[in-house]
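Could you build the full structure based on these sequences and the hints that come with them?
Number of protein chains: 2
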Amino acid sequence: MTGSKKKIVIVGAGFGGLAAAKQLAKSDVEITLVDKRNYHLFQPLLYQVATADLSPADVAWPIRGIFSDQKNVRVALTEVQSIDRENRRVIGDTASFDYDHLIIATGAKHSYFGNDHWEEHAPGLKRIVDATEIRKRVLMAFERAEVAAAEDEQRRELTFVIVGAGPTGVEMAGAIAELAKRSLAADFRQIDPTSTRVVLVEGGPRVLATMPEELSAKAKKSLEALGVEVLLDTMVTDVTEEGVETSSGFIASGTKIWGAGVMVQNMANWLGVETDRAGRVQVEPDLTVPGHPEISVIGDAAHIPWKDGTVPGIAPAAKQAGGYVGKRLAQIVAGGAPSSEPFRYRHQGDLATIGRNAAVIDFGWAKLSGPIAWWLWGLAHVYFLIGVRRPLFVMLSWFWSYLTFQKGARLITGLRPLFRADRPDGAVRENPKKNAA
Amino acid sequence: MTGSKKKIVIVGAGFGGLAAAKQLAKSDVEITLVDKRNYHLFQPLLYQVATADLSPADVAWPIRGIFSDQKNVRVALTEVQSIDRENRRVIGDTASFDYDHLIIATGAKHSYFGNDHWEEHAPGLKRIVDATEIRKRVLMAFERAEVAAAEDEQRRELTFVIVGAGPTGVEMAGAIAELAKRSLAADFRQIDPTSTRVVLVEGGPRVLATMPEELSAKAKKSLEALGVEVLLDTMVTDVTEEGVETSSGFIASGTKIWGAGVMVQNMANWLGVETDRAGRVQVEPDLTVPGHPEISVIGDAAHIPWKDGTVPGIAPAAKQAGGYVGKRLAQIVAGGAPSSEPFRYRHQGDLATIGRNAAVIDFGWAKLSGPIAWWLWGLAHVYFLIGVRRPLFVMLSWFWSYLTFQKGARLITGLRPLFRADRPDGAVRENPKKNAA
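Chains as they are written, first to last, in the working numbering: chain A, 201 to 637; chain B, 201 to 637.
A hint or two may mislead.
What the hints assert, rightly or not - If you want the footprint, here are the derived chain A segments under chain B, 3+ residues with CB under 8 Å:
no., segment
1, 246 to 259
2, 272 to 278
3, 368 to 379
If you're looking for bench data, these hints aren't it; they were derived computationally from the structure.
Virtual Cβ for every residue (Gly too), placed ideally from N, Cα, C.
Right, here's the structure in full:
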C-alpha cells in the first residue's frame, strides 16, 4: 500500500530542508524529515539568545508543529550515521529510512582551521546549547569580576574577544558592548561594567567583508561608537583559557567567542564525492550530486558557483535552493520530466545589526545605515519569522528591551559549577570604587 | 567608612529573601544577598516550563535587576558552605561575608524518604534545570515511542507516572494529559498521543490534602475528565528505570516525576540547632534561632507552628515572614527596640489548576472551581508576578496557547544523547495505524 508512493528523505530541518518539504506539500509522496534536534532554528537571531535578549523558544520551533497539517511528512528525531547509496537507505542511530530521492540539507559549522582544541575556550554560535553556553559565560564573567581579588584578574574577566567580523561576530560584539554599558551598568557594586573591553579580531582588511566597502566602514564606525575595539588584518595564532594570542599581541580575556570560518562535515564520507576545502559538495547545475541524480545537496552544505565565488551561506539562499529542489522532485514524481532550468540564485541583499539603533543594509539597489536600517532589519526578521515563529513575542521582547534596557532572558542555568575550580578561595574584598573615592 | 553600617546577610533570593531585602530598602544598612543562582525563581509557575507552556525566562528574573535601584543591596553569586556563628561570618565557595544580622531563606526540596537513588529516575521540580530536564524527558518519551519497535515498549514510553498529589503533582498531571491529548495529537504518524496514560500516585486518601475535602473531590473529578488515572492510598515502594513499584502493583513507565515530601538541608550543620523531621528549624515566635537572636530563619526552612500543624511552604507565607523580619531588623538598626509582636501568619487561601479551564480555589470565605476559578488563578499569578517578572509576556503566552493549543517552548535542548544508549538498534517499522486500517 505504502510501497507505491515515492519515498523522499530530507536530512536537516533548517531553512533549506523546510522549504523543500513545504514545496512538496501537494505531491503524492512519503516524506521523512530527519534531524538530530526536534526544532527548526531561526539562526539569524540566535546571537540574541546568547546576549540574553531572547529566549531559546523565541528562535526555535518544534519541527512536528510546523508539519502538523502536512500529512505527507513524518518527522524522525535521529542522528544520521551514514548513507547506503547502493540500497538507497539513510542509516540513523535509532532508525533507518529507505529513499527514492534524498535531499541533504545539513548546514555548516564554524571552522577552527585545524585547531579544534580552541573550541573549548572559544565556542562558536550554531546551536541553542552554544547560545545558552555563551550567555552563561558572558554573564558569569561579570559575576567573577565582581568577586575577583586581583585587579588584573578583574580586567581579564571584563575583556571579551570575538574572533571573526562576519555578521555573527559584528552582531555579538555590538550586543555584548551594549549589555555591559547599558543593561548591566547599575547592577554591580564592586566593578564598573561600563569599563568592559570588547575586542573584535578580524583576519581580513574590513568587517562584513561580503558587503560593499562603504557599509563596512559604517559598520566599523558604529561598533567603535559602542566602544568596541576593531582589530583588522589581525590573525589569531592561539586560543587558551587565559586569552587570545594574535599577530599583534596577546589579549588576556576570560570570554572568547568564535565566529570565523565555515566547515561542512560528513559529505565526503556520506556521498563518496570530492568536496571543496570547506567540505562542501560541488553539485551539478540542478543541485544533484555528480553520478547520483537521486541525491540533491542544498544550503550551506553545497558549493554552488555564483559571481566570482559561491552562493553565500545565508537563509534566503538555502530557502531558494530548497524550493528549487522541491519543485523539481514534484515534477519527477508527477511523472513528467523535470524542467531543465538550472538553479539560479537571486541575491536579495545583506543586512547586519550593530547594537540598538544601528544597522547596515545592502539591497543592491539601495544601501542603508543608521536607525532606519535598524528598524528595517527588525521588520525583515519579523517578516521572515511569520509562519515559523511567534513574531509577536519577538517584537514585544525587543520593544520591552528597547524601552527598559532590561534583558529578560539574563539567566545563568545549568548544572556544572559556576566558577572555575582553580579560582583562589575568594577573600572578602573591600569595594574598590568606594576606596578610590 | 563602611564599618559603621550594620551588615545584614540574606541567604537565598526566593520569596522570603526578596521580601526581607525590600522591607529594608530605606534602612541605613549594608545588605548582602547571597544565592547560588543569579535569578529569583517564580516557583508556582515552574511546572509550566516543564510542560513547555513557558520559557525559563518567563518564570525567573535576574536578582541584580530586581535590586538595580536599591543601592544598599549587593548581590553575591556564591554557594554557602558553612556559617561561622562565633565570628558571625557566612562562608561561601567563592567569597565570605561578615554579618551583624543573618537571615536564612534557603527553601526546601522534595524528599525521597531515604531513597535518594530514585531521584535519577524520577526527578523533582524545584529548579530551572529540573524543569528543562523534565520537559526533555516528557517530549523525548513521545519521540522514543514514535520509533519504538515493540508494542509494550511503546506503551511504556507513553505512560507517565507522577508521585505525590500536592499542587505540583496535580498541576503536572493535568498539564501532561493536556499536552498529549491536545497539543501533540496531530504531530505524530506512528503513535497516537491521545492514547497516553498519565497516572497520579498518592499515598494519602485524597489529592490536594491541605484543601477542603469538597475541593479535593472536584480536583480529582477534573483530573479524571482529562483522562488522568488517580491512585489514592497507594504507596510507592520502588522506582527504577523501567517503572514504579507501588502497593497496588507495578506500573511500567518511561517517564516518572517526583512531587512528594519536603526536606530542608544544612540547617542542623549550619546553625547547630535541632530540626524537625523534615530538617526545618524550630524558630522562636519572632522567627529567630533559639540562642541566636542575630539569626532569623524564614520560608520553607522554618518550622513555624500554625493551627494544628505548621505554616505551609507557599510563597505568600515566605513573603509575610520576610516582611516581618525585615521590619524587625529595620527597627533594631534604627536604634529602637523591636516590636515584641510575634510573627502571625495570615492564610490568604489555596489554589491549584488542572489543565486548561479548570482550577480549584479556597479563599476560606469562598470555595471556587471550574473555569471562573481558572481565570482567577491566572489573574492571581499575574498579579504576584508584577514587579518581579514581565506579566505581559506570561499572559500573552497563555493566551496564545489557549487559542492555538500550540506550546511555544517545546524544545528538547542539551548536549547529552537523546536516546538511551541501551536502545536496540531501531529497524524501520511500518506504520501500525495504517496497517490496522
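Going through the hints against the structure:
{"no.": "1", "hint": "246 to 259", "in the structure": "holds (count 4)"}
{"no.": "2", "hint": "272 to 278", "in the structure": "holds (count 5)"}
{"no.": "3", "hint": "368 to 379", "in the structure": "violated (count 0)"}
Hint check: a violation occurs at hint 3 only; the rest are consistent with the structure.
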